[in-house]
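Undergrad: Listed below, chain by chain, are the residues.
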Amino acid sequence: MSYSEIERQWTTRLRRRFVHLLPPEKLLPDTQPTYVSSWIYVFGVTTLSALMVVIASGCLLAIRGPQWWHTSSVGHFVNSLHLWSVEIFFFAMVVHLWGKYFMAAWRGGRAMTWMTGVVTFLVSIATAFTGYVSQSNFDSQWISTQAKDGINATGAGAYFNVLNMGQMLMWHIVLLPLVAVLLTALHVLLVRVKGVVPPFEEHVEVNA
Amino acid sequence: MRTKKFRPDVDVAPWKGGYSPYDIVKEATIAVIVVALLTVVLAVVFGSPDEHAITIKTWSNAAPVDFAVTALSELNGTSGVAKYGAPYNTGSSGQALGPLTLAKWVGPRIPVNTVADFIIDPLKALPNQPLLTQSLKQWSSASPSARSSWVANYTTASSNISFAQGQVVINAPSAGPVPLMINDLTEMARSGALDQALVTQAGFYTTDYTLPLLFLADGSYLANQAERQHLTGDRWGMMNETGNYPGQAWLWLYTFWYQVPPFSHSGNADVLVWGLMMVLSVGLLLTPFIPGLRSIPRLTRVYRVIWREHYQSLEKS
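Note that the protein sequences, when read in sequence, are chains A and B.
Under our numbering, the first residue of the first sequence is numbered 39, with each subsequent residue one higher.
Under our numbering, the first residue of the second sequence is numbered 918, with each subsequent residue one higher.
Bound conformation, chain A alone (with noise of 0.2 Å):
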């Protein structure tokens, strides 16, 4: 094989565009700028490693399945880990939407980065809704039965019905989390190709 037809390849035109987006430096960075230096940063940070517990607490109930949970104290503590670790990625979600938005975090070409985080934070609420309707207890009975009504006068709830059980532990474990994950990771890339906001240009003022 010639090194003209390797330069031709897929694979490489792939890795040589992804390694000019995102050079290892830019992916793991060592340095920073001196402006990041708030509290509020915390927040994202915060935000992925609770998606990080409560996905490995979800996979935990997922061992033994649905009913576990009901019947097992153990089974009820991975629930309650799961049910925290969901209350502090949303508030952590949360702070942080509203400390980029402060920050406006989307100037620079950063649209995309502020776009797939707000996504995902719709996603992540559906996620958990999903999650609420699908427990299997009084709770999901009656949220199931309030919600329906909402989503039934959209026309959406003949296609996605909150009172099936089995649909919404799907839509929960499986689809609602894959797109959750994957628009997060697309959303971290997206920083780290752009880097962090700076801050807004008052410097000029003040030397005038």
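No lab work stands behind these hints, which were simulated from the structure alone.
It should be emphasised that the depicted structure is a prediction, and the values quoted were computed from it without experimental measurement.
Even glycine gets a Cβ: it sits at the ideal position worked out from N, Cα and C.
Treat each hint with caution, since some may be false.
[What the hints assert, rightly or not] Result set (SDA-like, lysine to any residue): computed pairs, CA atoms no more than 25 Å apart in a straight line:
1) B:Lys922 - A:Glu239
2) B:Lys921 - A:Gly233
3) B:Lys1000 - B:Trp1022
4) B:Lys1021 - A:Ala196
5) B:Lys974 - A:Gly204
6) B:Lys1041 - B:Val982
7) A:Lys232 - B:Ser937
8) A:Lys232 - B:Tyr939
9) B:Lys933 - A:Tyr139
[Unchecked claim] Partial selection, computed: residues in chain B whose CB lies under 7 Å from chain A:
10) Gly934
11) Met1155
12) Leu1201
Position chain B against the provided structure of chain A, taking the given hints into account.
TA: Only chain B this time, still in chain A's reference frame:
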């Protein structure tokens, strides 16, 4: 060559300041450990709620009259589900967003016939009930007007319905087979057989609880239990969960709209709130491109708190 005008809410100047050491792997590792520990502490201290699901058996034993009256409402077509419309039936045109009747357009894709699904089919599944078999035969061979007349007579008499010694007590002599059907369905429910009959209509294996949940929601018992658990408060209910737990607090804006006019008084509240939330979500998504909305961060100057150290260092230099 033309130079582009600098737009402060869109553009940034290249960073010409300094850099400081940053161990991203160490930071991520510490964050995961701290969040995991915090999760364990919260789980140990607060646990999580798990109130048993209500069954039709528990409902009909705890409130047999409510069950019998609900069964009657499924039979006479006055229940919530019977009058619901899409996606369950054509009982109403459903809610409208201006000229758009979205649910009606999609149609009854999850068909529910309250008479057949909640009353007749489950009763047919009861074995060795000669009187019931005879009543069901009488029902199926009767004309629609005769059925309506029986049901109407039973409905009129139901203002004095009661339950005693395991039987539904009602004085409805001109109601044909209806008294026996309602009584036997109540007995079936109290034995637990109706729970099973409603979920096994699709076969042996099932994970679809649409029918029993719709039946439960048509009665008062589920709502009363929710009231007892402080889950209602009009429609905040969807974000709440039992006990003193935060629930889906992130749905506060969605549930908030149901509390305020015009949504709180509108027959189209659900579709209006969904429409509004869709618009707000798109607004949030497109914030970087919406003049005015994207300027708020610069104008409110909250960023000075966030980048406090940066601006302090600029002022010193």
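Undergrad: Each hint should be assessed against the structure and marked as holding or not.
TA: Okay, the hints, checked on the actual structure:
1. The straight-line distance between the Cα atoms of Lys922 of chain B and Glu239 of chain A is roughly 14 Å, inside the 25 Å bound, and the hint therefore holds.
2. Between Lys921 of chain B and Gly233 of chain A the alpha-carbon distance is near 22 Å, which keeps this suggested pair within the 25 Å criterion.
3. Distance restraint check for Lys1000 of chain B and Trp1022 of chain B: the Cα-Cα separation of roughly 17 Å lies within the 25 Å cut-off, and the hinted pair is therefore satisfied.
4. Annotation: proposed proximity of Lys1021 of chain B to Ala196 of chain A holds, straight-line Cα distance about 10 Å (limit 25 Å).
5. Restraint check: the Cα-Cα separation between Lys974 of chain B and Gly204 of chain A comes to about 22 Å, which is no more than 25 Å; the hinted pair holds.
6. A distance of roughly 22 Å separates the Cα atoms of Lys1041 of chain B and Val982 of chain B; the hinted pair therefore holds under the 25 Å criterion.
7. The straight-line distance between the Cα atoms of Lys232 of chain A and Ser937 of chain B is roughly 18 Å, inside the 25 Å bound, and the hint therefore holds.
8. The suggested pairing of Lys232 of chain A with Tyr939 of chain B holds, with an alpha-carbon distance near 17 Å, which does not exceed 25 Å.
9. Distance restraint check for Lys933 of chain B and Tyr139 of chain A: the Cα-Cα separation of roughly 23 Å lies within the 25 Å cut-off, and the hinted pair is therefore satisfied.
10. Given the 7 Å rule on beta carbons, the hint for Gly934 of chain B holds: about 6 Å separates it from the nearest Cβ of chain A.
11. Given the 7 Å rule on beta carbons, the hint for Met1155 of chain B holds: about 5 Å separates it from the nearest Cβ of chain A.
12. Of the supplied interface hints, the one on Leu1201 of chain B holds, with its beta-carbon coming within about 5 Å of a beta-carbon of chain A, less than 7 Å.
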